[in-house]
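Participant: So the chains spell out like this:
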Amino acid sequence: MSRRPRRRYLHLAIESEQLVTEEDVTNSIWSALLRLFGEYGTSHVNLTLIEYSRQRNYAIVRCSHKALGMVRASITSIIEINGKPSAIHVVAVSGTLKALRRKAAM
Amino acid sequence: MRKFSDLHLRPSLADPNHTKKMISKSSKLGYRLIGIPVQPRFKRDTIQELRRICSDVKIDLATRLDLTPDTPHELLLHLRRFRRRFELVSVRCESKSVARQAAKDRRVDILSFSATNLRKRFFDRAEAELASKALSTIEVDMATLLLLKRPSKIRLLSRLRREMAIAKKLDVPVILSSGAKDLHAMRSPKDYAALAALFDIPQESALCALSENPVAIVKRNREKLSEDYIAPGIRIASRPRKEPIVSTSKKTLSPPGN
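Chains as they are written, first to last, in this note's numbering: chain A, 1 to 106; chain B, 1 to 258.
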């Protein structure tokens, strides 16, 4: 019997000079992943956007726990969104959404 | 708990507002010690102002001098003149002779190399052996790595991988710094540690390169710059108390017959 895959949830803070849509965030993370690790590497990530708030400039994404380092490196390497200087910071990482929200609130 | 440090923050010192923003952001990102390069002939007020901003956001400041000498002779001249005025001295090695001289000189704390011109990266085995004996460290600026475009970035990553392997083999400490000139290039220590995995630095070593290694350099240099320091391992434990002058002067001043 195979075990349920372990996941990691990341709380991201988005810093940009413009308003950023949910699609922009997803696209920029995907393209950073593809740029750094290629299609094969990215296929191990299982990245999903869970939540996004345009007003509060934050997002929550989920990935495989084995690919956490890859996702974090990719997110760090983002320097622009839609051609405007931007940065995405990882505020907190957790194994459950509940714990993530608690950590991010601290 | 780790004390994270960024020994190469490069705000524009001419713009106090920008400097303040960058220092505050460093504090928010979790850094507790920052190094800001200052011109050799700085004004005392500049440092005082920087220290005041840093103390407001509860962050420790280390003054840093970035030297880019053309010849080993020029390097020695600058070290003789400025070493005791700064807590950190970094040498940007633009030629092999300068790189070798900087690596073997104990007054040099940090060796840095060009990120764009790989022919000017002189960190090989011989350089590492000299650096290891002189307790010098090699610095990697992460913002430069972030901002580079594709072919240069790939070549730099490949070179860094090789250099980090040499540094590990010969026990040369590595420090990771931001080298950030603006707010968008600044990242948290853990993000930089994740990025360091791209040039084969394990997570734990990367965190050391952002905390223990830089903190050790600053601590060592502050001890050397203190008045009590004499030589490695020798320092003045206490000084004899001076005799109170008031009582003796009273005696001599009092007129005879009183």
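It should be emphasised that the hints constitute simulated quantities derived from the structure, not laboratory data.
Watch out, some of these pointers could steer you wrong.
What the hints assert, rightly or not - Pairs of lysine-lysine, BS3-like flavour, derived with a Cα cap of 30 angstroms:
| # | chain 1 | residue 1 | chain 2 | residue 2 |
| --- | --- | --- | --- | --- |
| 1 | A | Lys84 | B | Lys25 |
| 2 | A | Lys84 | B | Lys20 |
| 3 | A | Lys103 | B | Lys190 |
| 4 | B | Lys58 | B | Lys28 |
| 5 | B | Lys96 | B | Lys181 |
| 6 | B | Lys181 | A | Lys66 |
| 7 | B | Lys21 | B | Lys219 |
| 8 | A | Lys84 | B | Lys168 |
| 9 | A | Lys98 | B | Lys133 |
| 10 | B | Lys20 | A | Lys66 |
| 11 | B | Lys58 | B | Lys120 |
| 12 | B | Lys219 | A | Lys66 |
| 13 | A | Lys84 | B | Lys153 |
| 14 | B | Lys58 | A | Lys66 |
| 15 | A | Lys103 | B | Lys25 |
| 16 | B | Lys28 | B | Lys181 |
| 17 | A | Lys98 | B | Lys169 |
| 18 | B | Lys153 | A | Lys103 |
| 19 | B | Lys96 | A | Lys66 |
| 20 | A | Lys98 | B | Lys181 |
| 21 | A | Lys84 | B | Lys169 |
| 22 | A | Lys84 | B | Lys190 |
| 23 | B | Lys219 | A | Lys84 |
| 24 | B | Lys28 | A | Lys103 |
| 25 | B | Lys153 | B | Lys190 |
| 26 | B | Lys169 | B | Lys28 |
| 27 | B | Lys153 | B | Lys169 |
| 28 | A | Lys103 | B | Lys3 |
| 29 | B | Lys181 | B | Lys20 |
| 30 | A | Lys98 | B | Lys20 |
| 31 | B | Lys120 | A | Lys66 |
| 32 | A | Lys84 | B | Lys21 |
| 33 | B | Lys181 | B | Lys219 |
| 34 | B | Lys104 | B | Lys149 |
| 35 | B | Lys96 | B | Lys58 |
| 36 | B | Lys149 | A | Lys103 |
| 37 | A | Lys66 | B | Lys168 |
| 38 | A | Lys103 | B | Lys21 |
Participant: Now, for every hint given, state plainly whether the structure supports it.
Facilitator: To see whether the hints hold, each was checked on the structure:
| no. | hint | verdict |
| --- | --- | --- |
| 1 | A/Lys84 x B/Lys25 | holds (20 angstroms) |
| 2 | A/Lys84 x B/Lys20 | holds (23 angstroms) |
| 3 | A/Lys103 x B/Lys190 | holds (16 angstroms) |
| 4 | B/Lys58 x B/Lys28 | holds (10 angstroms) |
| 5 | B/Lys96 x B/Lys181 | holds (27 angstroms) |
| 6 | B/Lys181 x A/Lys66 | violated (33 angstroms) |
| 7 | B/Lys21 x B/Lys219 | holds (26 angstroms) |
| 8 | A/Lys84 x B/Lys168 | violated (38 angstroms) |
| 9 | A/Lys98 x B/Lys133 | violated (50 angstroms) |
| 10 | B/Lys20 x A/Lys66 | violated (38 angstroms) |
| 11 | B/Lys58 x B/Lys120 | violated (38 angstroms) |
| 12 | B/Lys219 x A/Lys66 | violated (37 angstroms) |
| 13 | A/Lys84 x B/Lys153 | holds (20 angstroms) |
| 14 | B/Lys58 x A/Lys66 | violated (36 angstroms) |
| 15 | A/Lys103 x B/Lys25 | holds (20 angstroms) |
| 16 | B/Lys28 x B/Lys181 | holds (17 angstroms) |
| 17 | A/Lys98 x B/Lys169 | violated (43 angstroms) |
| 18 | B/Lys153 x A/Lys103 | violated (34 angstroms) |
| 19 | B/Lys96 x A/Lys66 | violated (42 angstroms) |
| 20 | A/Lys98 x B/Lys181 | violated (37 angstroms) |
| 21 | A/Lys84 x B/Lys169 | violated (41 angstroms) |
| 22 | A/Lys84 x B/Lys190 | holds (24 angstroms) |
| 23 | B/Lys219 x A/Lys84 | violated (40 angstroms) |
| 24 | B/Lys28 x A/Lys103 | holds (15 angstroms) |
| 25 | B/Lys153 x B/Lys190 | holds (21 angstroms) |
| 26 | B/Lys169 x B/Lys28 | violated (35 angstroms) |
| 27 | B/Lys153 x B/Lys169 | holds (24 angstroms) |
| 28 | A/Lys103 x B/Lys3 | holds (20 angstroms) |
| 29 | B/Lys181 x B/Lys20 | holds (13 angstroms) |
| 30 | A/Lys98 x B/Lys20 | violated (35 angstroms) |
| 31 | B/Lys120 x A/Lys66 | violated (37 angstroms) |
| 32 | A/Lys84 x B/Lys21 | holds (20 angstroms) |
| 33 | B/Lys181 x B/Lys219 | holds (25 angstroms) |
| 34 | B/Lys104 x B/Lys149 | violated (33 angstroms) |
| 35 | B/Lys96 x B/Lys58 | violated (40 angstroms) |
| 36 | B/Lys149 x A/Lys103 | violated (35 angstroms) |
| 37 | A/Lys66 x B/Lys168 | holds (25 angstroms) |
| 38 | A/Lys103 x B/Lys21 | holds (25 angstroms) |
Hint compliance for this structure: hints 6, 8, 9, 10, 11, 12, 14, 17, 18, 19, 20, 21, 23, 26, 30, 31, 34, 35 and 36 are broken, all remaining hints hold.
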